[in-house]
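Asker: Chain by chain, the residues:
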Amino acid sequence: MVSSPSIEPTGTWLWKMSNQVQCVLCPHLCVLAPGERGRCSVRLNVDGELISLVYGRPVAVHIDPVEKKPLFHFIPGSDVFSIATAGCNLKCEFCQNWEISQAAPEDVSPYDMPPEAVVENAVAYGCEAIAYTYTEPVVYFEYTRDCARLARAAGIRNILVTAGYINPGPLSELSEYIDAANVDLKSMSDTYYRNICGGTLQPVLDTIINLKESGTWVEITNLIVPTLNDDPAEIDAVARWVFDNTGKDTPLHFSRFFPMYRLTDLPPTPLDTLQGARETARDIGLNYVYVGNAVTPDGMITKCPECGETLIARHGYMITENNIMNGNCGNCSAPIAGVWDGMEEQ
Amino acid sequence: MKIVLLIVLLLTVSAFSESEESLSEEDSTDTGLFELIMECTVRSWARPIESVNMDRIMELIENGLVSFHRADWYVVVEDE
Chain Y
1 MVSSPSIEPT
11 GTWLWKMSNQ
21 VQCVLCPHLC
31 VLAPGERGRC
41 SVRLNVDGEL
51 ISLVYGRPVA
61 VHIDPVEKKP
71 LFHFIPGSDV
81 FSIATAGCNL
91 KCEFCQNWEI
101 SQAAPEDVSP
111 YDMPPEAVVE
121 NAVAYGCEAI
131 AYTYTEPVVY
141 FEYTRDCARL
151 ARAAGIRNIL
161 VTAGYINPGP
171 LSELSEYIDA
181 ANVDLKSMSD
191 TYYRNICGGT
201 LQPVLDTIIN
211 LKESGTWVEI
221 TNLIVPTLND
231 DPAEIDAVAR
241 WVFDNTGKDT
251 PLHFSRFFPM
261 YRLTDLPPTP
271 LDTLQGARET
281 ARDIGLNYVY
291 VGNAVTPDGM
301 ITKCPECGET
311 LIARHGYMIT
321 ENNIMNGNCG
331 NCSAPIAGVW
341 DGMEEQ
Chain V
1 MKIVLLIVLL
11 LTVSAFSESE
21 ESLSEEDSTD
31 TGLFELIMEC
41 TVRSWARPIE
51 SVNMDRIMEL
61 IENGLVSFHR
71 ADWYVVVEDE
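Protein sequences, first through last, are from chains Y and V.
Mapping of the first sequence onto the working numbering: residues 1 to 346, in sequence order.
Mapping of the second sequence onto the working numbering: residues 1 to 80, in sequence order.
Take these hints with a grain of salt, some might be off.
Covered by chain V, per the in silico footprint, the following chain Y stretches (three or more residues, Cβ under 8 Å) [unchecked claim]:
no.	stretch
1	40 to 50
2	54 to 67
3	195 to 209
Hints listed in this document are in silico derivations from the structure and should not be mistaken for laboratory results.
C-beta atoms are modelled at their ideal positions from N, C-alpha and C, and glycine is treated no differently.
Kindly produce the complete structure, drawing on both the sequences and the hints.
Answerer: The following block contains the structure:
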């Protein structure tokens, strides 16, 4: 047990070389001397005690449709109170939210919103769930967990939108309160994870499997980046892994890349590539494969795997048609995997 | 500093491995150890660990712009 640090805000800090700590939250396992913070930039060693710099300090607070996460098989059409703090334990060169994910906490202007206030706001705005999203909820682990615990007690559901770069122990603690997750599976190549994202592959695969085993509803997103992970063999590997390890009913979202952050020299993902990826995944046997960040003829439509009828049609994030009845196809009564407005997972 | 250390390690391992003709099991263990050292020392693929200006951080804590909340999931590294 470590003693409380001596906090003297206006004093001079004389750091000893002892008092090192190792953060075991994520697979980076950062060993930190006093005054150092981890690769996530939000966990700091203060005199031998690890401190979160972002607890109760979100930098993004929005109400989103659940479809934006994206979650297509989880309480469709519902509003989600969505929060994020600064920081991420990866450094993806294509990051769409890099202004906050790659920022240090002292470089952004946060809200003061303790967990109680998050839940109160979610209730006040009629949201059915709270999403920990935009950046990486793993790095604000304690905030996520405490919000989720209170939300669960208040009858609000919890959604994790994550890259999945977390160790099994903390994940197990967190998943107790998480109802649904969208996990980025960025590639099936460890080299890609190292070179483009600053992480490794295996922990992400473990997270997906552990979440599934914990009973969390899981959907997976794969961002297809031209020239980096758009090889048909690689797309095939992603879809095959999802099929083999999570089953045919796990929704897989192929997401369109737009030039961003450090990859502004690459073009957006061609629509043909996305359509091809969808066909590949469906040929492998996945029942629910979607195309995101792009307008395609049927990339956002949920069809019954039994009779082929349209179950949910979407325009952008809006639902224009919903033919799921009590978790079943409205046409042939086949059970449809998902969490449907209070219905149990099929 | 880390790079210098790494070069010294590289040269040391290289010298040992060249001193014997055959590749024994011990050699492959050495290589594995070296790879582990290199992985832990460099990790150029990951975001860096960085030192902070503690005076500034404490000022921000005072002003409520960053939190001072004890984290979970860490261990104290014992001194040798």
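Asker: Can you give the numbers of the hints that this structure goes against, from lowest to highest?
Answerer: Every hint satisfied by this model.
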